[in-house]
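Number of protein chains: 2
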Amino acid sequence: MKLICPVCGKTYDKPVQRCECGEPVEFERFKGEPYIGRSVWERFWDFWPVEPALEFSLGEGDTPLVKSRLGEELGVKLYLKNETVNPTWSFKDRGTFLAMSHALKAGYKTVGTVSTGNMAASVSAYATRAGLKAKILVSESASDEKLKAVSVYGGEVIRVLGDYGRLYFESLAIGEKLGIYFINSDNPFRVEGYKGIAFEIAEEISPDYVLIPTSSGGLFRGVVKGFIELHESRLIDRVPALIAVQAEGCSPICRAFSEGKARIERFESPKTIAKAIANPYPPSGNAVLKFLREFDWKCVSVGDDEILEAQRKLAGEGLFVQPASATGVAALRKLELPEGAKVVSILTGSGLKTLNDTPAGEIRECRLEELEKCLG
Amino acid sequence: MKLICPVCGKTYDKPVQRCECGEPVEFERFKGEPYIGRSVWERFWDFWPVEPALEFSLGEGDTPLVKSRLGEELGVKLYLKNETVNPTWSFKDRGTFLAMSHALKAGYKTVGTVSTGNMAASVSAYATRAGLKAKILVSESASDEKLKAVSVYGGEVIRVLGDYGRLYFESLAIGEKLGIYFINSDNPFRVEGYKGIAFEIAEEISPDYVLIPTSSGGLFRGVVKGFIELHESRLIDRVPALIAVQAEGCSPICRAFSEGKARIERFESPKTIAKAIANPYPPSGNAVLKFLREFDWKCVSVGDDEILEAQRKLAGEGLFVQPASATGVAALRKLELPEGAKVVSILTGSGLKTLNDTPAGEIRECRLEELEKCLG
Numbered sequence: 001m002k003l004i005c006p007v008c009g010k011t012y013d014k015p016v017q018r019c020e021c022g023e024p025v026e027f028e029r030f031k032g033e034p035y036i037g038r039s040v041w042e043r044f045w046d047f048w049p050v051e052p053a054l055e056f057s058l059g060e061g062d063t064p065l066v067k068s069r070l071g072e073e074l075g076v077k078l079y080l081k082n083e084t085v086n087p088t089w090s091f092k093d094r095g096t097f098l099a100m101s102h103a104l105k106a107g108y109k110t111v112g113t114v115s116t117g118n119m120a121a122s123v124s125a126y127a128t129r130a131g132l133k134a135k136i137l138v139s140e141s142a143s144d145e146k147l148k149a150v151s152v153y154g155g156e157v158i159r160v161l162g163d164y165g166r167l168y169f170e171s172l173a174i175g176e177k178l179g180i181y182f183i184n185s186d187n188p189f190r191v192e193g194y195k196g197i198a199f200e201i202a203e204e205i206s207p208d209y210v211l212i213p214t215s216s217g218g219l220f221r222g223v224v225k226g227f228i229e230l231h232e233s234r235l236i237d238r239v240p241a242l243i244a245v246q247a248e249g250c251s252p253i254c255r256a257f258s259e260g261k262a263r264i265e266r267f268e269s270p271k272t273i274a275k276a277i278a279n280p281y282p283p284s285g286n287a288v289l290k291f292l293r294e295f296d297w298k299c300v301s302v303g304d305d306e307i308l309e310a311q312r313k314l315a316g317e318g319l320f321v322q323p324a325s326a327t328g329v330a331a332l333r334k335l336e337l338p339e340g341a342k343v344v345s346i347l348t349g350s351g352l353k354t355l356n357d358t359p360a361g362e363i364r365e366c367r368l369e370e371l372e373k374c375l376g
Numbered sequence: 001m002k003l004i005c006p007v008c009g010k011t012y013d014k015p016v017q018r019c020e021c022g023e024p025v026e027f028e029r030f031k032g033e034p035y036i037g038r039s040v041w042e043r044f045w046d047f048w049p050v051e052p053a054l055e056f057s058l059g060e061g062d063t064p065l066v067k068s069r070l071g072e073e074l075g076v077k078l079y080l081k082n083e084t085v086n087p088t089w090s091f092k093d094r095g096t097f098l099a100m101s102h103a104l105k106a107g108y109k110t111v112g113t114v115s116t117g118n119m120a121a122s123v124s125a126y127a128t129r130a131g132l133k134a135k136i137l138v139s140e141s142a143s144d145e146k147l148k149a150v151s152v153y154g155g156e157v158i159r160v161l162g163d164y165g166r167l168y169f170e171s172l173a174i175g176e177k178l179g180i181y182f183i184n185s186d187n188p189f190r191v192e193g194y195k196g197i198a199f200e201i202a203e204e205i206s207p208d209y210v211l212i213p214t215s216s217g218g219l220f221r222g223v224v225k226g227f228i229e230l231h232e233s234r235l236i237d238r239v240p241a242l243i244a245v246q247a248e249g250c251s252p253i254c255r256a257f258s259e260g261k262a263r264i265e266r267f268e269s270p271k272t273i274a275k276a277i278a279n280p281y282p283p284s285g286n287a288v289l290k291f292l293r294e295f296d297w298k299c300v301s302v303g304d305d306e307i308l309e310a311q312r313k314l315a316g317e318g319l320f321v322q323p324a325s326a327t328g329v330a331a332l333r334k335l336e337l338p339e340g341a342k343v344v345s346i347l348t349g350s351g352l353k354t355l356n357d358t359p360a361g362e363i364r365e366c367r368l369e370e371l372e373k374c375l376g
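Chains as they are written, first to last, in the UniProt record's numbering: chain H, 1 to 376; chain S, 1 to 376.
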């Protein structure tokens, strides 16, 4: 087992969570060949840093790639990778499952996470499934309503009063001391789990661009690594251009990128409808920034109105996503991609999770006796 | 194209919705062989009454069959067919997609349905996806909250004031007059779409029993027909025993079955937490009853406390379902199935859809400075 810091280059031979320099670590690159198999875990067996504990799988991954008409007016071919149909209805399940496989193998009895939304539900679900205890640390401001979908799985939900940004790092330190394995947003095993998204896309098409809603940076890093490993294994001809998408109201990575800075800075007073990607100081921000620079990729931020408009348009294609998941489609209009380009947008989580933020549609009334007139 | 009334036996050579005798019609049985293919639609291509319009598919079907520990204490091997990961998060999408394929081929410009929950969202989503108008007729009592997840797709939602039971039949009559194709709960194409559940189960295991939450009876009829067609095609050795499960507070089929009656009667004042299966006068009730008698199968009803307990247990396995979807597991305890029996329970829809009916879990508070103590 070998882990590398993608920013300073230091290596580790045990599964640390972060580099001494403060940046996230990642596994060395894997090479391999694909196999016939039912699940993405089996088909890409060579590419995981730990043996997937398939007896505890809930069937995460292997999500549909749906053709969309939304790119037509812009002259591009758009495909939607629908991660809302994972077991807890977000992409987080892929990473949680793989990190849980490690936690089980390493003998942990308790796992934890720092999250208020999709990841909290995912870790809670997979922990109870695997017979582990779960400590879910949530922010002061998390709504009771939102936490219902977390506590239902049986994990212990703890509302932490204090600086939520510090909580990410505190949890790793205390977890190490107490023997609790924290599976936070860019945990190295979690990031590896997201490679499956790249693998499945490559099984179906050769995209020119992939649009990735970017918060902590864990998803972005996983998808990049997946494509690079396929390329180094000579399974695809080229790595597509990856585009990080953030909300204008919280875009620390895009800001540092456009200002030519080497490191991200905390985004003060974040405010956006895309709450699932509103991380003001993303722990993998510098690592993402480095990729964007090295490959000459792009970072695009979109406003709340554009996000809501994209959410509506996606619903008009039958896919109801949370606001954060609509940012990719919102960004499409701003990008001026070449005619005929093949573009994938990753739909990260279900709209049912943010129903309170969804405007109510119009509802007509009609008496049964007048139904024919009402329908005519 | 040939349709048959499963109750009186009369046949039709055009796609009528119901028999003159008042009962539902169904397609003649298909025979065929399986193919290699990505989707259940392609692998069982011979078995559909209309060519699936794959360009409008959202990736419905091909859901995970998850091994469960919940049967262990009862000595049975339990598998959970997780239909909550369909595109609108319920099994309805399978039937909606196939019925929509027919509507498109037949040239309809508008489709409709009568529903307040899963089916309303499903028809709304697939109609807008296919460029058709949708008229979604909902009951007087449907909550605004619930209808948000329907109206978001863009279908027209109409609250109908009057007898909701009559609305099913009125909608078919008026729809025929106005050229609106109503895809109600046991529409013959919809029922065919549910066969995919049987096909996918048979691809993985040979179950002895399948537990089916039963409301209108459309799902039950589809799963039966799927297994029978596989058997008649010599693709499986035997048809498993199907068990209809209802809520005690609304169990018209189980009541007629246990009382030895030939026909169901309206269940007065239905009241159950399992709202998605609370149909007091199921339109396919008599057809289901006939199957239960002919094959010597079972009908089991479960109380709300048992349902909520089963919902909690399923969440403890990482699967958060709506109360109606937990009835199968609730029934397991009452059935006294033989030691070692292989049992599948169908999890029909996501728990996120009934979050308001889910009790809030306990949430602790902790100051960041005291986190170590709180976690210890």
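Watch out, some of these pointers could steer you wrong.
Note that the list lumps identical chains together, so a pair holds whenever it fits in one copy or between two copies.
To be verified - Each computed SDA-like pair below joins lysine to any residue, with the alpha-carbon atoms no more than 25 Å apart:
1. Lys334 with Ile36
2. Lys373 with Thr11
3. Lys261 with Arg367
4. Lys31 with Ala360
5. Lys271 with Leu235
6. Lys298 with Pro34
7. Lys109 with Ser258
8. Lys77 with Cys19
9. Lys177 with Gly376
10. Lys14 with Arg364
11. Lys14 with Arg29
12. Lys334 with Lys373
13. Lys342 with Lys373
14. Lys109 with Tyr281
15. Lys373 with Ser258
16. Lys177 with Leu375
17. Lys14 with Gly75
18. Lys342 with Asp46
19. Lys261 with Gly376
20. Lys2 with Lys271
21. Lys77 with Ala130
22. Lys67 with Ser143
23. Lys373 with Leu178
24. Lys342 with Asp13
25. Lys373 with Tyr108
26. Lys67 with Glu200
27. Lys146 with Arg367
Hint data in this document are derived by calculation from the structure and do not stem from the laboratory.
The model shown is predicted, which means the values in this text are computed figures rather than measured ones.
Outcome of the hint check:
no.	hint	verdict
1	Lys334 with Ile36	neither (39 Å within a copy, 41 Å between copies)
2	Lys373 with Thr11	neither (73 Å within a copy, 33 Å between copies)
3	Lys261 with Arg367	neither (63 Å within a copy, 35 Å between copies)
4	Lys31 with Ala360	neither (49 Å within a copy, 46 Å between copies)
5	Lys271 with Leu235	neither (41 Å within a copy, 57 Å between copies)
6	Lys298 with Pro34	neither (30 Å within a copy, 45 Å between copies)
7	Lys109 with Ser258	neither (44 Å within a copy, 48 Å between copies)
8	Lys77 with Cys19	neither (40 Å within a copy, 45 Å between copies)
9	Lys177 with Gly376	between (69 Å within a copy, 10 Å between copies)
10	Lys14 with Arg364	neither (62 Å within a copy, 33 Å between copies)
11	Lys14 with Arg29	within (15 Å within a copy, 59 Å between copies)
12	Lys334 with Lys373	neither (44 Å within a copy, 49 Å between copies)
13	Lys342 with Lys373	neither (46 Å within a copy, 52 Å between copies)
14	Lys109 with Tyr281	neither (30 Å within a copy, 50 Å between copies)
15	Lys373 with Ser258	neither (57 Å within a copy, 43 Å between copies)
16	Lys177 with Leu375	between (66 Å within a copy, 11 Å between copies)
17	Lys14 with Gly75	neither (48 Å within a copy, 42 Å between copies)
18	Lys342 with Asp46	neither (28 Å within a copy, 33 Å between copies)
19	Lys261 with Gly376	neither (61 Å within a copy, 40 Å between copies)
20	Lys2 with Lys271	neither (39 Å within a copy, 59 Å between copies)
21	Lys77 with Ala130	between (40 Å within a copy, 18 Å between copies)
22	Lys67 with Ser143	neither (35 Å within a copy, 33 Å between copies)
23	Lys373 with Leu178	between (68 Å within a copy, 10 Å between copies)
24	Lys342 with Asp13	neither (39 Å within a copy, 44 Å between copies)
25	Lys373 with Tyr108	between (65 Å within a copy, 19 Å between copies)
26	Lys67 with Glu200	both (15 Å within a copy, 24 Å between copies)
27	Lys146 with Arg367	between (36 Å within a copy, 21 Å between copies)
Violated hints, in rising order: 1, 2, 3, 4, 5, 6, 7, 8, 10, 12, 13, 14, 15, 17, 18, 19, 20, 22 and 24; the structure is consistent with all others.
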